[in-house]
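Student: These are the residues of each chain, in order.
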Amino acid sequence: MSISVDITHDFGGFQLRAAFEAGEGVTAIFGRSGSGKTTIINAVAGLLKPQAGRITVNGSPLFDSAARIDMPTHKRRVGYVFQDARLFPHLTVLQNLRYGARFHRRPTLPQDDIIQMLGLAPLLSRHPTALSGGEKQRVAIGRALLSAPDLLLMDEPLAALDTARKDEILPYLERLRDTAGLPILYVSHAMTEVARLANTLVLLENGAVRRAGPLADLLSDPDLAPLIGLRDTGAVLTARVTTHHPDGLTELACSGGALLLPRVQAAPGSPLRVRIHAHEIMLSLTAPTGISALNVLPVTVEQVRMGDGPGAIVRLRCGQEHLLARVTRRSATAMGLVPGLPCHAIVKSVSVAQGDVGALHSTA
Amino acid sequence: MSISVDITHDFGGFQLRAAFEAGEGVTAIFGRSGSGKTTIINAVAGLLKPQAGRITVNGSPLFDSAARIDMPTHKRRVGYVFQDARLFPHLTVLQNLRYGARFHRRPTLPQDDIIQMLGLAPLLSRHPTALSGGEKQRVAIGRALLSAPDLLLMDEPLAALDTARKDEILPYLERLRDTAGLPILYVSHAMTEVARLANTLVLLENGAVRRAGPLADLLSDPDLAPLIGLRDTGAVLTARVTTHHPDGLTELACSGGALLLPRVQAAPGSPLRVRIHAHEIMLSLTAPTGISALNVLPVTVEQVRMGDGPGAIVRLRCGQEHLLARVTRRSATAMGLVPGLPCHAIVKSVSVAQGDVGALHSTA
Amino acid sequence: MTDWLTPAEWAAVALSLKVGLWAIACSLPLAIGTALILARGRFPGLQLLNGLVHLPLILPPVVTGYLLLLTFGRRAPVGAFLYDVLDITLAFRWTGAALAAAIMAFPLMVRAIRLAIESVDPRLEQAAGTLGASRLWVFLTITLPLIAPGIIAGAILGFAKAMGEFGATITFVSNIPGQTQTLPSAIYAFLQVPGGEASAMKLVLVSVALSMAALLASELLARRATRRRQA
Amino acid sequence: MTDWLTPAEWAAVALSLKVGLWAIACSLPLAIGTALILARGRFPGLQLLNGLVHLPLILPPVVTGYLLLLTFGRRAPVGAFLYDVLDITLAFRWTGAALAAAIMAFPLMVRAIRLAIESVDPRLEQAAGTLGASRLWVFLTITLPLIAPGIIAGAILGFAKAMGEFGATITFVSNIPGQTQTLPSAIYAFLQVPGGEASAMKLVLVSVALSMAALLASELLARRATRRRQA
Amino acid sequence: GNVTVFAAASLKTALEQVATQWQAETGHTVTLSFAGSSALARQIEAGAPADIFLSANPGWMDHLAAKGLIRNDSRVDLLGNALVLIGPARDAPMTLSDLPARLGNGPLAMALIDAVPAGIYGKEALMSLGLWAAIQDRVAQTDNVRAALALVALGEAPLGITYHSDALAEPRVAVLATFPADSHPPITYPAALTSDSASPQAAAFLAYLQSPEASAILGHAGFVPLTELQ
Ligand SMILES: Nc1ncnc2c1ncn2[C@@H]1O[C@H](COP(=O)(O)OP(=O)(O)OP(=O)(O)O)[C@@H](O)[C@H]1O
Ligand SMILES: Nc1ncnc2c1ncn2[C@@H]1O[C@H](COP(=O)(O)OP(=O)(O)OP(=O)(O)O)[C@@H](O)[C@H]1O
Ligand code: MOO
Ligand SMILES: [Mg+2]
Ligand SMILES: [Mg+2]
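Chains as they are written, first to last, in my numbering: chain A, 1 to 364; chain B, 1001 to 1364; chain C, 2001 to 2231; chain D, 3001 to 3231; chain E, 4001 to 4230.
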């Protein structure tokens, strides 16, 4: 399953020049407000006809301006969760959810599961005007999921939802990605969601693709930190569950050592991805004792990137993988951080949020 | 300036029983999707007539079912940023922004500043259908601000915006709160925004007010952590800028000691509030050395609240104030954390986000 | 009660209802289609079609009736075709009266429906498309229910017009009691003779009562169609 | 060119335009108000008002004309009052023809505008309220521009009807050349005498041409009103 | 001076010619308002600015007379007319008794038999000739004589009953038979000055309508001038 987008479109004042390839899994489109994210997925859905270019899924074109191909929306088999919910006002919640059912070739997703996950059971007989903002968005997600699409387009689907609800929905999207093998184009401002779900990241800036590639590569590139946002910078590690300890902690093995995290819902042996925020890693020259942090990973400094401000981003080798750490320049100087220096990365167990631990698809 | 709300409303299936008082500044209404947040501010705006109750601003009633008072919306002088932007489709962005200007008594807010802050200059002559989701929301914010209201109602105003844009808008809202003295009822799922802006916090659960009170009190109460969300738990400290160091760090004094943070935009002497996430505090029995964290505050354990899971929340006395720290039970046991134990709270400079440092209103 | 109106008058009442209902029932789908084309179509002859639809409104009814006679009369091209090939007779039959009523009501129905179509949010139709619905299915399940109030408004306007239409009808199908004598023809006849006003007013009342009942029913229907959406 | 129509016919053309334009111009505000009440009002007599508005559509035009004569004639109560107190003469003047046209067009205008009002999103009006706009101001600056296409549709329907209306007009104000002889009355008179068809058709063409021009203009206007919103 | 005449619509062509001629002779103007007699009579009742009323039947004139709205002394039966059976132009004349047979299944076009004078007269005539019962189911009534004429002219109806004056002007129809004058009440077009008339020339024009010049025009149009002033 691969999606390839190469389109240009001119709005008069705004030019979109977007070209990227997306492989299996989730492709996140990340960019500031007005950078062209919705425009891209509208083009993929066939709701906007780009002035020129090609959009293919698995090599077969949905749109090709040169070949005059423009497949109508309903034949593209995309499920689209719109930025605005766009529920059908004359239908009940249940009728909205079931709208796409008629066109199913296969009902992959059990309706009741989705209703339960999204907490929609008490709302089924209501009309959309009687829903809260977040409820509408949940129905919109359910409606798209239940249409059994070949490709899911999600435009900030979780922006209107509270953290708890997000944490309920994210694992579901992971399952879709991993078990149903459903490719997803995912627009979000929230790097937490992106880092957890995405296999491929497309960084959009002002209508142009600034960088596109595998998530782990982009997230561990200190040069992209300003674009991603310092606060959201942080690499992802792949890990495997080894033991669930009786005190509620789960031990993971990654290439750089063991990690203890609060209970992870995954069977021993399962592969996981763990995002560790750059600002949550503390560096120590010696192995510390008597502290509340349980994770101390031996690492080697690979690159120190001093920013314009008071901070520095340190790229660390950790086994086969990389971590990013954000420290102050003052600390970097005081500790004498230079490439090649061995040191210890201290990560609090609890500072790795539930939301930052995600299921890992074998290809990621 | 004080707002008092005491209303009941029944939607058939959903009951709202909301009573709270809000003093000066920002009152945040926090609760899960569907908990009744929009319903409350609709009632304050006069868009929904509660079945019973009273809503007063400075003691004079906007609504009083007993006295049959129901002031029409346009006389309430509220500025409302809706959850959906609700721009006027037949007007340009500029005309939308200026719609309320006609009714000004005083044009408090310079229009050009607002247009600049919200990045609306290139959009002024467009119609709303030609705007992206985030752009619409920015216009909606500008429109409400420019109507020179006596009371600002904001329903998840920043949910559709990227972090960078949020960080541009938040200081502006602080200025409104502090210099214009504009009371704000602020609905948000994002505790970062809430902790930064709010003076009063109203925690809503299922249509009922679970707790309402000064922000600092509620945030430092370990018992409320599950409701707020573990990831969002964290106390706020009040601090005062002492020095800006040449390496870009700013030194703050709080009652428990000094804090070094990345450059804070505030003159020496300014009061600030600093939110420190519970999961970002590391505890150490001894003062650590050779680490990248610059802030080590001497604290005393006051309370250890073991949760159901693998974590524990520790309430710490830090000078005159409190901090919350989240650690694993394993660490709590290993370190022998009990009330009265003195220890050290380690906070990385960079782990305190820009967004977590906010201007402080004198009354907060 | 039955004495109150003569048998001929009762027949006129029944006929008017029959004519009105058939006129609306048969022309409504066509009106919806035409409204759809006018609202959404983009082709050169669009404004011509638009003009054609409005014609019965612009022309004095007598002229419309005369043109109908020229087109659908037994000796006229279309009329002869219908009669010979499809065995449909319009001239001097209630079917002709229904045709006249439908044509007179057509512009009113089309406008109401077109206005409704133009106020449907196209983004909802797009959303239905992404869920796999073809354009026809989108129309049937999204557009049509959303324009229901407009269709009801169009139908009631059309029915009211059909109940009042007289000039085109009497010119086209004349006035054959029991066959083509609708209420308005009967009313007209009474008004032509001195002292006939009282009898005419009696029929006017019947006509008004029937139309009002239909109007009320349409309001309730429309309100239900809308309320469901906002409850 | 001027020979093509007789002076009396030119006068009828001019009068029809005058009557049509005045009828629409004067009744439009009232139609908007009525539509607003019907769309938004909630009071017991609402359906009565609704019925009253539809009456000219339901009644055969001759009856409407007769009722107008009974109400606004020089000897009739309202007519006498208007004449004595306000010095307004309606009977047998072009003003009366305009009144008749306005009344016949009224239900069409009200329906179109009402449909438009009902499809305005009330949340936009609420938003304007929160910005400090009174209900009147909200109506003027939000509702009115949003229903512009409906108002234009109503006006053009009304104008077309006014151009074609004949039954009520000739019954109410007679058929006095230069005073009350509108195009449809002139057409009618031609059709009353054998051999008048050619002259009648000439006037029909004029009438159709005028209405089509108005129709095209209205379409352009409406499109502009809508395009601005979607550009 | 100006004279306003409210006249039955069927008189349009002829009356316009008379008026033009009078205007040429006297320099006074005539305003002619043509509509159905019923509408005109009701308008005069409502105070219409008419100087002369020219009705297509006596009934409405009687109605106005009863209300004192016309000057009884000015009332004259101005014109008469004959009732004829018409058919397509090439048809041969026939006798009235063949009417049911010639009609076949086709409709007989007539004006409204209870409301419009030509229809009322026609029904009377058919009844007195004993033909009514045979054809009454096949009568297609129109709101005026002209429409009945049109039905025959267009071939929609094989036969119709109209005034002689109507049949004369339509080349597509032929007069197949004339109803005996005694088979129906006399067909008269009464004329009178209205009580409200203030025009000094009104009486003059009413008189002119009875002049030989006017009679010639009206007679040419198929009407039967009933009074000729010497
Ligand atoms: N018209 C209505 N009829 C019935 N229930 C309603 C109606 N409007 C809202 N509700 C219900 O009332 C509850 C509160 O709605 P409200 O819009 O206040 O939620 P909220 O806290 O703003 O949620 P969100 O964060 O999702 O916007 C929801 O459960 C909603 O389903
Ligand atoms: N119809 C239009 N005419 C002109 N400009 C448009 C139109 N539609 C969108 N734009 C512009 O194109 C740019 C990209 O819009 P798009 O909706 O793709 O942004 P986005 O990345 O989805 O932003 P957001 O996060 O705010 O939703 C924006 O600057 C917007 O103003
Ligand atoms: O178009 Mo009419 O004058 O209502 O029959
Ligand atoms: Mg977008
Ligand atoms: Mg809400």
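It should be emphasised that the hints constitute simulated quantities derived from the structure, not laboratory data. Here the structure is a predicted model, which means the values were calculated and not measured. Ideal Cβ positions, reconstructed from N, Cα and C, are used throughout, including at glycine. One thing to keep in mind: the hints can contain errors.
So the derived label-pair ranges between C-beta atoms look like this [to be verified]:
1) A4198(E) to D3084(D): 36 to 46 Å
2) P4093(E) to M3201(D): 30 to 40 Å
3) P122(A) to L3220(D): 21 to 31 Å
4) T8(A) to G2045(C): 28 to 38 Å
Straight-line distance between alpha carbons at most 27 Å, and here's what the computed DSS-like set of lysine-lysine pairs gives [unchecked claim]:
5) K75(A) to K49(A)
6) K1049(B) to K1075(B)
7) K3018(D) to K3202(D)
8) K2018(C) to K2202(C)
9) K4067(E) to K2202(C)
10) K1075(B) to K166(A)
Chain B regions said to be covered by chain A (calculated; three or more residues, Cβ under 8 Å) [said to hold, decoys possible]:
11) 1162 to 1170
12) 1335 to 1349
Student: Give a verdict on every hint.
Tutor: Going down the list of hints, with the structure as the test:
no.	hint	result
1	A4198(E) to D3084(D): 36 to 46 Å	violated, 19 Å
2	P4093(E) to M3201(D): 30 to 40 Å	holds, 32 Å
3	P122(A) to L3220(D): 21 to 31 Å	violated, 50 Å
4	T8(A) to G2045(C): 28 to 38 Å	holds, 35 Å
5	K75(A) to K49(A)	holds, 15 Å
6	K1049(B) to K1075(B)	holds, 15 Å
7	K3018(D) to K3202(D)	holds, 20 Å
8	K2018(C) to K2202(C)	holds, 20 Å
9	K4067(E) to K2202(C)	holds, 24 Å
10	K1075(B) to K166(A)	violated, 38 Å
11	1162 to 1170	holds (count 4)
12	1335 to 1349	holds (count 4)
Comparing the model with each numbered hint stated earlier shows that hints 1, 3, 10 do not hold.
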